[in-house]
Structures are given as structure tokens and as C-alpha cells.
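Peer 1: Quick mapping for you: the protein sequence lines, in order, are chains A and B.
Numbering follows my numbering, in which position 275 of the first sequence is assigned residue number 275; successive positions increment by one, without gaps.
Numbering follows my numbering, in which position 11 of the second sequence is assigned residue number 11; successive positions increment by one, without gaps.
What the hints contain is simulated information worked out from the structure, not anything from laboratory work.
Incorrect hints may appear among the rest.
Said to hold, decoys possible - Okay, derived cross-link-like pairs now, DSS-like style, lysine-lysine, Cα gap no bigger than 27 Å in a straight line:
no., chain 1, residue 1, chain 2, residue 2
1, B, 111, A, 201
2, A, 196, B, 111
3, A, 256, A, 110
4, A, 176, B, 111
5, A, 201, A, 171
Stated by the list, open to error - Listing some non-contacts, in silico: residues in chain A with all C-beta distances to chain B over 10 Å:
no., residue
6, 97
7, 164
8, 231
9, 279
10, 286
Since the structure is predicted, the reported quantities are computational estimates derived from the model, not experimental observations.
Beta carbons are placed, not taken as given, at the ideal position from N, Cα and C, and that holds for glycine.
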Amino acid sequence: MSDVSVDPKALVEGERPAFNASYGKLMMWFFLVSDAFTFSALLITYGSLRVRTVAEGFSWANPEKVFTHTPILYDVFHIEAPLVFVGLMTFILILSSVTMVLAVEAGHRKSQREVSKWVAYTIVGGIAFLSCQAYEWYHFIEGSHHGAYMLEAGALDGMNVPGVKQGAAVKVFPVKDAAGEVVELRLTSGVPIQNKAVAQKLIANAEHTEGGANLRANEYGPPAFADLFFFVTGFHGTHVASGVLLLIILQVNVNKGTYERRGHYEMTEKIGLYWHFVDLVWVFVFTFFYLV
Amino acid sequence: MATNDGAEARKEIFRTTGILAGLTAFEFLLAGIKGSIPGWTGLSEETVRLLVLVTFVVLTIFKAFYIVAYFMHLKHEVRRLAFTIVLPFLFIIWLIIGLLSEGGYYGKSTKQMSVRSVNHVESSIA
Numbered sequence: 001m002s003d004v005s006v007d008p009k010a011l012v013e014g015e016r017p018a019f020n021a022s023y024g025k026l027m028m029w030f031f032l033v034s035d036a037f038t039f040s041a042l043l044i045t046y047g048s049l050r051v052r053t054v055a056e057g058f059s060w061a062n063p064e065k066v067f068t069h070t071p072i073l074y075d076v077f078h079i080e081a082p083l084v085f086v087g088l089m090t091f092i093l094i095l096s097s098v099t100m101v102l103a104v105e106a107g108h109r110k111s112q113r114e115v116s117k118w119v120a121y122t123i124v125g126g127i128a129f130l131s132c133q134a135y136e137w138y139h140f141i142e143g144s145h146h147g148a149y150m151l152e153a154g155a156l157d158g159m160n161v162p163g164v165k166q167g168a169a170v171k172v173f174p175v176k177d178a179a180g181e182v183v184e185l186r187l188t189s190g191v192p193i194q195n196k197a198v199a200q201k202l203i204a205n206a207e208h209t210e211g212g213a214n215l216r217a218n219e220y221g222p223p224a225f226a227d228l229f230f231f232v233t234g235f236h237g238t239h240v241a242s243g244v245l246l247l248i249i250l251q252v253n254v255n256k257g258t259y260e261r262r263g264h265y266e267m268t269e270k271i272g273l274y275w276h277f278v279d280l281v282w283v284f285v286f287t288f289f290y291l292v
Numbered sequence: 001m002a003t004n005d006g007a008e009a010r011k012e013i014f015r016t017t018g019i020l021a022g023l024t025a026f027e028f029l030l031a032g033i034k035g036s037i038p039g040w041t042g043l044s045e046e047t048v049r050l051l052v053l054v055t056f057v058v059l060t061i062f063k064a065f066y067i068v069a070y071f072m073h074l075k076h077e078v079r080r081l082a083f084t085i086v087l088p089f090l091f092i093i094w095l096i097i098g099l100l101s102e103g104g105y106y107g108k109s110t111k112q113m114s115v116r117s118v119n120h121v122e123s124s125i126a
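Here chain B stands alone, though its shape is the one from the complex:
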């Protein structure tokens, strides 16, 4: 607890601010130039899209870590509390995997169904 040492705590706050602002500025820049990356590097559009997506997600997790660890002081709490709070989010990771793949599956199946029903209607007319 930095009761009597406010200068040290403020230094940490400004360092964290710098990191958060820097990461956000980088994300913003990346969003601005992502359309031109395939032209510069010769990579396929699909690859660039995936790389940019992964970069965004990783940077977001970094930012979340800095906010939770330093702004919310979780790094300075006892470790048991930190684990109690962070570990339940393993379920969220599972939910992400589960629902994204389910969404894709459902989308594909309804697409096929609509094609089939159109064919069915046409054949019944004929």
C-alpha cells in the first residue's frame, strides 16, 4: 500500500496511462492502414485480415491486463483474490469457442435450407 509514497504510485499511474494511450493510438493507426497492407506486402487479403484481427485481440487483452492490474490494483492485492477473479473467465473462453463455431454451423445450415426450400418450391411448381 502506497500510503506515504504517493510519488511512486503516481509514476506507475502515468506509465500505465502512456502504455494504454500508445496501444490505442497504434490500434487506431492499424485500423486506418489495414486496407493498404495487402498492397505493400503482397500478402493475400484473407491472411492480412486474419493477422490484423489477431493483433487487435492481443492488444485488447494487453490493455485489459494493464487496466485490471494497475488501475484496479489487482496486482497489488493478494494473489488468491486475483485468481478468484480471473479464473472464472476460463468459462468465457469456452463460451467464445462454442458460440462462434455454433453460429457458423447454424449459418451454413440455414443457408442450405433456404436453397433446398427454393428448389422444392420450383420442383412442385414444375
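Isolated chain A, as found in the complex:
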């Protein structure tokens, strides 16, 4: 049984482990499989809606034009650097994965001091990633200074647009077709103006204004793009946040000597599996949201 990766102390006495793995690790794996199915469903939804939107003749959002904000570069020097910040976030998450696997390795050697050190680094990495995500969400919601149009007061009078009062000045987001022509306008409330000629006439003399994104309309492309961005990166961020929570509990227990008394550091392995899974999901989110 030299290749057995389970610590005998993590088993009920006399138990023969299924798959040579302890109950806790096995259940973590099965949970991760089901969670991976959830994320797969979300990403496939993204693909499906994207293919559908393109087939309908609209252009999908171009990530290089959406994710251009990098701290300092943008805030101080006003330089737009496509994807640089996302690349940084990816590296942060990979590095935190490395420190996690080093913690697991130190746990095999039952080195309390080293486990504590590497878990601390991993917590820092996780919090750094979440902070980056907050920055990115902020700029995604805030948008650019010229992403939308401000229609003149009363421009929509007589058109019977739901929720627009007579004489109101309204902000509209353009939705473009594959050739880059504006074919549709969307109000902040998500109400569409689906007539190409009318849409182009309305914005012909309109002034640019602050764009941005909410769940019903956005400046980057079809509404489904922002919906999926919020949902998928939000769901992933929630996973990172609960991972950080688990790591903090682990850290406290390591420092208290709980696993020293228990005789094994299998909890590090189980939480490590979860943390690597979060990294794994980000690898896919990175590819399908930011690169493709």
C-alpha cells in the first residue's frame, strides 16, 4: 500500500477506504464534481446565448474594449490597457494556488509552522483577488465617459415608450449589429427601441454621456453579456470568499494545534482541493469571458 495517499489516522479504525481515500476527501471530490457541473452549466449558458445573439445579427461585447482598466495606469495616467488587470488577477490566483499546495505538502510533513505560514500567504492571495474583482466590477458598472447617449428632452414624445414621461430627457445604450451599426437602443430600464431607422435618427444629434452597466442594459453589447458577467464572476467570487473563510478557520485551528493533536493535517488537503477548484474555474472563466 505504498501509493496510498490517505493517512490511516483519518479513517475509522479497521475501515478499508473506498478508492484508498478517506471519507472526507472523497465527499469533497464529489461536491466539487457537482459544483463543476453548476459552473459548466453557467459557462455553457454564456456560450449558447452568445451564439444565439450573434446568429440574430447583433455583435457580442469585445472583452478587449470592456476590460481596459488597471489601477494606477488608468486612475493616475489615464492609460487604457486591455486585459492587463485580468492577467494580473489570474496570476494572483495561480500563486495563491501554489502557496496552498505548499501548505498541503507541509501538512504531509506535519510541520505546523510551515502550514501556518503558507495558509497565511494563501489568505492574502485570496483577499487580493477579491479586491481586484471589486475594482473590476466597479469600473464595469461605472463604464466609460462616452458609452451612452443622452437624448434631448422630449425626444421620445409620442413614441409610447413604457415608463418615459412626456418631455423627459432619457439616457439610451446603443446595441450594434455585426457590422458595428447601431440597430437598437435600450433605456436604462431595459426597454428596447427596436427600429433601426428610428434608433439611428434619435442618436444622430444626441450627446455622449456616461455609460455603464446594470442587469437590464449596458454600453458593451447585448444585455445578456452583463447579466452573465455579473452572475458568473459573482458566483466565482462567492466561492473565493467562502474559500477565504474556510482558510481563516483552518489557520486558527492550525495555530491552536488542533491538527497536531488529531495527528494529521487532512483538513488542509480538503480545503486545498476546494481552493484549487476555485482556481480551476477561474482558468475557464478567464478563457471564455476575457480571451475568446
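Given the structure of chain A, go ahead and fit chain B onto it with the hints provided.
Peer 2: Leaving out everything else, chain B in the frame of chain A:
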């Protein structure tokens, strides 16, 4: 289990880190230069787009393999466990094929419907 041989395990960890970082850096570079590839090679934009997409997907699967096999130690678990975990994802491959083609079909059909309804309205006005 590398209980007493931590150096060996750490070597594997750093090798995997290098591969993951390298692949990510390459993806990032490719995303940066993909717009200029048609100009350099003379390939059509559509071909380049497809090639880049395939490259991204293949590299992503490579990265996923390294994370699961080495960071999550699945390569060091018994093979039955590895198959139990990996094989269910065959269904996901089917879901990808199914829903992407369904999305395309649905998009085409709603596009035609909107054209038809506009024509219908115009003819009823006339």
C-alpha cells in the same frame, strides 16, 4: 505519498507552477497580438479567429489537466477514483455541443421571425 520526501513533491509543484504561468503568459500574449495575425500571415480573418479560439480552448484544457492532476493530486490517487471523477464530464461535452447548436438555431429562427413579422405588419398597413 510523499511524506518523507518533501523535496521531490516541491519540485513537482514548482514545475507545475512554471507550466501554468507559461501557458497563461502565452495566452495573454496571443490575446494581445491576435488582431495583427491576419496581416502578418495573409490568412483570412475568419480562419485566424477560429485558430485562435481552438488554441485558447486547447491551452485551457492543458491548464485544467495540470491543476487537477498535480495541484489536486488526482494523478496520485488510485485510477478508479480519477475515472469516477473525470468520466461524468463526458455529459458536459454533449451539453456543450447540444446547447451551442441549439443557440445558433434559435437565433436564426428568431431573426427570421422578426423579419417576417415586420413584413406582415407592412403588408397589413398597405
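Peer 1: Which of the numbered hints are not met once you compare them with the structure shown?
Peer 2: 6, 9 and 10
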